[in-house]
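A.B. asks: As a plain string of letters, each chain reads:
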Amino acid sequence: MLNPALVAPRPASFAILRREMLRLYRRRGQLIQPPLFFVLVAVLFPFAIGGDEHLLRALAPATVWISVLLATTLSLEDIFRSDQEDGSLEQLVLMAKSLPGACALKALAHWLSTPAPLIAMAALMSSVHDLEADTRSALLISLVLGTPVFSLVGTIGSALTVGVRGGALLLALLILPLYIPVLIFGAGAVRNATLSTATGSEYFFLAGLSVLAATLAPFATAAGLRARLS
Amino acid sequence: MIKTLHKYASPMHFHAVARAWSAPLLWLAAALFLAGLVGGLVLAPADYQQGESFRIIYVHVPSAWLSMFAYLVMAGAGATSLIWRVKLMDAIARAAAPLGASFTALALATGSLWGKPMWGTWWVWDARLTSELLLLLLYLGYMALQSAIDDRRAAARAGAVLAVVGVVNIPIIHYSVEWWSTLHQPATITRLGAPAIATSMLIPLLLMALAFQLLFFALLFIRVRSELLEFEQRASWVRELLRQARSR
Amino acid sequence: MHAANPIALDVVDIECLRGDALIFEHLSFSVSAGRVVQILGANGSGKTSLLRMLSGLATPTAGDILWHGEPIRESARFHEQLIYQGISVGFSVSLTVRENLEYALAIAARGAQASTARALARVGLTRYHGTLFGRLSSGQRQRVALARLLLVPAQIWLLDEPLTALDRAGKELLEEMLLGHVESSGIALVATHQPLGIPPGYLQTLDMDRRTAC
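Protein chains in written order, with this note's numbering: chain A, -1 to 228; chain B, 27 to 274; chain C, 7 to 220.
Since the hints were made in silico from the structure, they are not lab data. A hint or two may mislead.
Pairwise CB distance ranges, derived in the manner of DEER restraints [said to hold, decoys possible]: (1) C:140 / A:193: 47 to 57 Å; (2) B:272 / C:28: 20 to 30 Å; (3) C:200 / B:263: 36 to 46 Å; (4) A:110 / C:50: 39 to 49 Å; (5) A:64 / C:140: 53 to 63 Å; (6) B:139 / A:45: 49 to 59 Å; (7) A:127 / B:229: 55 to 65 Å; (8) A:122 / C:21: 52 to 62 Å; (9) B:39 / A:30: 54 to 64 Å; (10) A:30 / B:142: 46 to 56 Å.
No residue lacks a Cβ here, since even glycine has one placed at the ideal position from N, Cα and C.
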């Protein structure tokens, strides 16, 4: 029975990413939900703030960033939930040659499935709202630089709370304090662009946070998974 | 040396040590509190700028220091538990969390009390206070995670990962909040820092800091004892202790 | 009678605590190469916990598990040679049968023992290679798990209730596969109540209720 390999399998990282993309594609109807939620939250703000056009414009960077943050936070639970339910999480932890590598790929897949469409929706909305070019580009650049942290750190939270009752809320409690630095620099970048006091330093901080998260978060996620599965 | 460490890492021995030292540490802490409070409230002069209200720093600053120290203990114990699988560290991390949260809450409350005469409100988005608030949220998140996972050991290990992630984030949060507050603070609002400080004020402050430190360890020992009893409830030494307690 | 094979797996005085509940303690047994161990026991007796400990997912709170004398925690070799099948077989419902199997092969990264087509033919699922796993009946899902066993090279099989939902033909297929596996000096630990049609020379029983191993 134990014959030498007859068929060479695909490399594992490609297979993991492919599986995530396939699963996304198979439930592609649901991909529109985070962008829709984003629009809804963004719409809540004018209703709450009132019709003051000037105030709304001033608060636009904040409302976009918070809407992206909330929509992303809600999507985090799904990263490992179905894997845990069907048993494939155990298979991944047992079989994967590099669990941190697999976790990094999970984070990448999450980013492609949620923050990326959100950024597209934010781009759409900013042209609809006729934001100035400076503000718009600051918004999109800061989102692109900062949202990887959301996915990477969010994966840690998802691993720690997988299978816990009330997991989504607990996940949000754990993860939101860790998101605050990204929010500070991201919204700060857009605000400074609007006021023409942009320095570009915010982009460096965001990029730095993303790199740091990319380096460390997968290991924390792997440790979290092993801790929860034991 | 390693052998001694190994011996005290055993829950049974640590429990005995903790039991022996809790009361002495409490008494020592009480004595230092007395000394510090006398020094700070009675002997030290009033601040020429802020008057008597600044005396709250004798409680505020040490509790802020301890709130950070407790998190380092929690994260250090967590990391040790994850890397070397030392069971005692799980108990220490779980024990430290509520203490750290309490010190943080105390720092926030005293910070508010200090600020009220100066700013007229109970809360401002000052960099230090905001950082303390976020630290409190980190503690509460850790404690929420512990209570959400039924299996105590698995909860401790998950918490260890969270604590290590938190400890890496604390400098980041601190720095980003600083950055954020310098953009918005009008120059008139004083920072809640301890400025260049006279010796007559410094000594009581250090005494209070030491008192808080000893109090932390005393309370930690007390809490670790009960955590160990829960973790090791099946062990014979625990059953023996309970038997002795019941027969008294 | 074949000569006694050397002890491959050694379980020494292990204890399982879940939270505050003691599932089992002082459990010891050994398995030689070329043996199927049937794990029996009532619900809650710790069959699943034992298998998870043997796989390395869970750690015993006391005692040791040794593979060729080395603790499994430190043995990378051990993990490269095992396959674990939990009660939830571990396939994704939104992938097809073929995609699931190819994924399993890819993350194991050990090469494949056979072509996917041959494995599917053996378990009788050729027609379903492009069907979404979620659309299969539970018996068919178990057969996909059998296909995985045929594909991924492994010296150690840890199977938790693999006969659930299998019909008689499926059960016979698994027994055939187990026999072939141990005849090539593999080891299998199978948690199941149903009698396994394995010749007595290859079969060991471990009763979790009475903690007897023979």
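A.B. asks: Hint by hint, note whether the structure agrees.
C.D. replies: Comparing the hints with the structure gives:
{"no.": "1", "hint": "C:140 / A:193: 47 to 57 Å", "verdict": "52 Å, holds"}
{"no.": "2", "hint": "B:272 / C:28: 20 to 30 Å", "verdict": "21 Å, holds"}
{"no.": "3", "hint": "C:200 / B:263: 36 to 46 Å", "verdict": "43 Å, holds"}
{"no.": "4", "hint": "A:110 / C:50: 39 to 49 Å", "verdict": "42 Å, holds"}
{"no.": "5", "hint": "A:64 / C:140: 53 to 63 Å", "verdict": "36 Å, violated"}
{"no.": "6", "hint": "B:139 / A:45: 49 to 59 Å", "verdict": "37 Å, violated"}
{"no.": "7", "hint": "A:127 / B:229: 55 to 65 Å", "verdict": "60 Å, holds"}
{"no.": "8", "hint": "A:122 / C:21: 52 to 62 Å", "verdict": "59 Å, holds"}
{"no.": "9", "hint": "B:39 / A:30: 54 to 64 Å", "verdict": "60 Å, holds"}
{"no.": "10", "hint": "A:30 / B:142: 46 to 56 Å", "verdict": "49 Å, holds"}
Checked against the numbered hints above, the structure breaks hints 5, 6 and satisfies the rest.
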